[in-house]
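2 protein chains.
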Amino acid sequence: MLRSPTKRDAEAFLERMSNRKGSVVTEHESLERYNVDWTKQFIGKSKILLKPQTSEEISSILKYCNEEKIGVVPQAGNTGLVGGSVPVHDEVIVSIEKLNEVYDFDEVNGILSCESGCILQFLQEKVASSNHLLPLDFGAKGICMIGGNISTNAGGVYYYRFGSIHANVLGLEVILPDGTILDLMNKNRKDNTGYDLKHLFIGAEGTLGIVSKVIINCPRLPTARHVTFLACESFDAVQKTLDLAKAELGEILAAFEFMDQAILDEVGKEKKIPIAKVDEKSGEACNYRFCLTVETLGSNNEHDLSKMESFIEKSLANGYVVDGVLAQDLNQLHEIWDIRLSCNPIIKSAGYNYKYDISLPIEEYYSIVEEMRERLTSRPDARDMNWGHVIDGNLHFNVITPGNFDEDPELKALLDPYLYEAVAKRGGSISAEHGLGRSKKKYLGTLAKNPAALDIMRTFKSIFDPHGIMNPGKYLPMD
Amino acid sequence: MLRSPTKRDAEAFLERMSNRKGSVVTEHESLERYNVDWTKQFIGKSKILLKPQTSEEISSILKYCNEEKIGVVPQAGNTGLVGGSVPVHDEVIVSIEKLNEVYDFDEVNGILSCESGCILQFLQEKVASSNHLLPLDFGAKGICMIGGNISTNAGGVYYYRFGSIHANVLGLEVILPDGTILDLMNKNRKDNTGYDLKHLFIGAEGTLGIVSKVIINCPRLPTARHVTFLACESFDAVQKTLDLAKAELGEILAAFEFMDQAILDEVGKEKKIPIAKVDEKSGEACNYRFCLTVETLGSNNEHDLSKMESFIEKSLANGYVVDGVLAQDLNQLHEIWDIRLSCNPIIKSAGYNYKYDISLPIEEYYSIVEEMRERLTSRPDARDMNWGHVIDGNLHFNVITPGNFDEDPELKALLDPYLYEAVAKRGGSISAEHGLGRSKKKYLGTLAKNPAALDIMRTFKSIFDPHGIMNPGKYLPMD
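Respectively, the protein sequence lines represent chains U and R. Mapping of the first sequence onto the working numbering: position 382 corresponds to residue 382, and the numbering continues sequentially without gaps. Mapping of the second sequence onto the working numbering: position 33 corresponds to residue 33, and the numbering continues sequentially without gaps.
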């Protein structure tokens, strides 16, 4: 059993951070934004926020909490969508925001070493200025931190091209609950010396320790970039367009993103959608059934443009694509991307969001939306709005109650576990890239993992965190 | 303490494999090649070889050995170079060679599912016939098995382009020492449901269990392939050529391999080296100081050739490269690759091989050879011959005693631990892609991993394999 932290604990924490001003925050107002997650659906009641500046300070804090049996919620940018980064009760929040030093970017070997609290976009710009690319990109890049990206095994739009975080992280430093500073700071691209422990902490959502330092492999910065926005009138056509993109764009294909009409309608209220059709009945302009954002990244502008144009021509000639636009300059390119990257923030302000992040075999990708839509016919107040990284089989299925910002338990009960069961039946994953947090913990043992795998996970959790102080009440069902 | 297996155990194993003929091998002659590793430097004394056909049979065998405390050596293609796949004493050998079924190649999603005993080359051909590429390639591809590749986290020539096994394996089935069939057979590219346990078994060299089934993500098969063979006269020029290749070839750069003059001289005794210089002193033809094999893989022949020609022109114009040849057809392409891929087999027949597989920062890549060469001046009977995947910082440093096939303890003592210490000092890795096996176990705790990391590894080993039956005497120093 964990206990509530007290004023005396706050004093002990302050001592452990050299009595530095601002290192312990206890004012209600200052704590508010750390207690509420991005979706505003998960709200904690922490009364103590800590801002350590070094690995040693984190070590000392965790050791104390471990001895005193005080719950700890590690927090990075707090941009997660599954309630993983805010307390369930009154756990102490340990923010990594002050761990923001870049140690080194090694231009010769393409290796970035930094602290885990660095903002993603800052790191992207840092390595880009040395002609390299940080192989991670998310809509939240201006706020999210690299340590949070790693702890949630975040996916993103370039996953297909540059691979997962497991593929790109070379080394980590992790502070364990007993205060051990676990140095896994390998800088070699190839290192076969023992069990590769770092992978255990990637996607562990802070339940085994706090990631404090990071080493990432960065490829050269591509010099040519092209983006097209295409329309398809059936999901079969989307699939065929994807297949054609893989064939025609080959190694320069970097992103292939999907949006359906409902999300386009919603985003269209705030942003201009560059292509539209005429509705047969009303005679008015309306959005296509599906739109795709396709990006190439390469090293030769002329070659890439020729590949992109050939892809677009063929997809039009085959009838897969019915309309499209190719960005002619960087402004248009950003406008096109802005539509896709606005999906999340725009629906957030439209109503209550029932958010689902799932993986499916491509041939089942949209069938699940149609099945759910049928299930929701009794609820005309709810509308599904969907987008995702279709090239990875990753769908963001969302149900919104426009204008109504309260959760409706009846609607929720219509959605899950039914949706997760439908995903499992199709061989998909109930969490593609957002993680488990509080949202999916209860389905891990029934719809995602078998008892043997779950047992091993529980064993690992008990070894690293015997008192269960790390991010309690989330991720792993312990009983 | 483990005990020696007996005739009664052999009978028990036979029963566990339905008394199938050939499933238990006890004849000395048939066992011989399973007891000797590829280097012929590691020789076991096993009297029992088992050839299970199913996961259930492996499960039953391991459960029995675990209860009876009999050591087990899992064996795949037995092509390893560190003595990991043959017994130290008389452990039972469990070969996975009969687990050779391909379950499915899903062309739409590019996903291969198969048993772990499938030969790599067979799998390569299988997925190539469906227009996809298996993202692994090694010289031993005609013999090595996918389960062995995964268990050793094998690297290879396309690692730079297609990433590590951690990046490409989606799912595994592993049989644990207690007989548990651990199903981690995920087919989704993105799956964030709990600790990603599969990574623990990748590169564990069979010390935690036996990999029995595999799911691998396969990209589209590139349609254009070009290979050039280039000469440089200094390592600084090699580095500059590598840098230029990354800039000019960008996303189509697939392999960038390195050989030094000594290995070229040795390979040149059996294979024609396509480019040579005139020796200033003797006036005779001789090999260049360094040669490079550079490959591109892409989707447009014309574009790729134009990039390749531009790269070669610039590297010649800049003086980085002094001579070169671009393969004009598939025959020439294979002849060029054959030189690089013959390094290992050719030096094996030249004398005793002291083999080292290390990672280094690129700027230190050849300095270590020079340091070792100086150290070996007292031994004119020994010659270093070196090659490697320079683009990954991976060097295969080898010392040969031409004509002398016996290990010389004095020479060995000159080489290690000095070499490993020199690697550690430079921030490199003492095992890049070959693994630990018997060769490097003793240096793991002193030159590769810190006590905290080593402790966790030992804990994991104890959890999965409390009696230490799996691949005993290797990998992890347990005391």
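Don't take each hint at face value.
Heads up, the list lumps identical chains together, so a pair's fine if it works in one copy or across two of them.
Subject to a maximum C-alpha distance of 30 angstroms in a straight line, what follows is the list of computed DSBU-like cross-link-like pairs (lysine-lysine) [as the list claims (entries may be wrong)]: (1) Lys425 to Lys246; (2) Lys240 to Lys126; (3) Lys21 to Lys348; (4) Lys246 to Lys69; (5) Lys63 to Lys441; (6) Lys461 to Lys281; (7) Lys281 to Lys51; (8) Lys348 to Lys98; (9) Lys461 to Lys187; (10) Lys21 to Lys246; (11) Lys277 to Lys461; (12) Lys63 to Lys461; (13) Lys7 to Lys272; (14) Lys69 to Lys272; (15) Lys271 to Lys69; (16) Lys240 to Lys412; (17) Lys412 to Lys277; (18) Lys45 to Lys461; (19) Lys442 to Lys187; (20) Lys441 to Lys271; (21) Lys126 to Lys412; (22) Lys442 to Lys246; (23) Lys269 to Lys461; (24) Lys45 to Lys240.
Derived from the structure by calculation, the hints contain no laboratory data. Since we're looking at a predicted model, the values are computed, not measured.
Hint-by-hint comparison with the structure:
For the homomeric pair lysine 425 and lysine 246, the shortest alpha-carbon distance inside one copy (28 angstroms) is at most 30 angstroms, but the shortest distance between copies (44 angstroms) is not. With identical chains, the CA atoms of lysine 240 and lysine 126 are at most 30 angstroms apart between copies only, with a shortest distance of 23 angstroms across copies and 38 angstroms within one. Neither within a single protomer nor between protomers do lysine 21 and lysine 348 lie at most 30 angstroms apart by alpha-carbon distance, with minima of 36 angstroms and 66 angstroms respectively. For a Cα distance limit of 30 angstroms, the shortest separation of lysine 246 from lysine 69 qualifies neither inside one copy, at 52 angstroms, nor across copies, at 52 angstroms.
Proximity of lysine 63 and lysine 441 under a CA criterion of 30 angstroms is satisfied intra-copy only: 26 angstroms inside one chain copy versus 32 angstroms between copies. In this assembly of identical chains, lysine 461 and lysine 281 lie within 30 angstroms of each other by CA distance neither inside one copy nor across copies; the values are 58 angstroms within and 68 angstroms between. For the identical chains of this complex, lysine 281 and lysine 51 are neighbours neither inside a copy (59 angstroms) nor across copies (68 angstroms), given an alpha-carbon limit of 30 angstroms. Proximity of lysine 348 to lysine 98 under the C-alpha cut-off of 30 angstroms is restricted to the intra-copy arrangement: shortest distance 29 angstroms within a copy versus 55 angstroms between copies.
Within a single copy, lysine 461 and lysine 187 get their C-alpha atoms as close as 27 angstroms, and across copies as close as 25 angstroms, so both meet the 30 angstroms cut-off. Neither within a single protomer nor between protomers do lysine 21 and lysine 246 lie at most 30 angstroms apart by alpha-carbon distance, with minima of 54 angstroms and 48 angstroms respectively. Neither within a single protomer nor between protomers do lysine 277 and lysine 461 lie at most 30 angstroms apart by alpha-carbon distance, with minima of 54 angstroms and 62 angstroms respectively. For a Cα distance limit of 30 angstroms, the shortest separation of lysine 63 from lysine 461 qualifies both inside one copy, at 16 angstroms, and across copies, at 25 angstroms.
Neither within a single protomer nor between protomers do lysine 7 and lysine 272 lie at most 30 angstroms apart by alpha-carbon distance, with minima of 52 angstroms and 79 angstroms respectively. Neither within a single protomer nor between protomers do lysine 69 and lysine 272 lie at most 30 angstroms apart by alpha-carbon distance, with minima of 53 angstroms and 70 angstroms respectively. With identical chains, the CA atoms of lysine 271 and lysine 69 are never at most 30 angstroms apart, being 49 angstroms at best within one copy and 68 angstroms at best between copies. In this homomeric assembly, lysine 240 and lysine 412 never come within 30 angstroms of each other (Cα to Cα): the closest approach is 34 angstroms inside a single copy and 60 angstroms across copies.
Taking the shortest alpha-carbon separations for lysine 412 and lysine 277, neither the intra-copy value of 34 angstroms nor the inter-copy value of 76 angstroms comes in at or below 30 angstroms. Taking identical chains as interchangeable, the C-alpha atoms of lysine 45 and lysine 461 lie at most 30 angstroms apart only when both belong to the same chain, with a minimum of 24 angstroms there against 40 angstroms between chains. Taking the shortest Cα distances, lysine 442 and lysine 187 sit within 30 angstroms of each other only across copies (22 angstroms), while inside one copy they are farther apart (37 angstroms). With identical chains, the CA atoms of lysine 441 and lysine 271 are never at most 30 angstroms apart, being 36 angstroms at best within one copy and 60 angstroms at best between copies.
With identical chains, the CA atoms of lysine 126 and lysine 412 are never at most 30 angstroms apart, being 43 angstroms at best within one copy and 45 angstroms at best between copies. Proximity of lysine 442 to lysine 246 under the C-alpha cut-off of 30 angstroms is found in neither arrangement, the shortest distances being 37 angstroms within a copy and 47 angstroms between copies. Taking the shortest alpha-carbon separations for lysine 269 and lysine 461, neither the intra-copy value of 46 angstroms nor the inter-copy value of 57 angstroms comes in at or below 30 angstroms. Taking the shortest alpha-carbon separations for lysine 45 and lysine 240, neither the intra-copy value of 49 angstroms nor the inter-copy value of 57 angstroms comes in at or below 30 angstroms.
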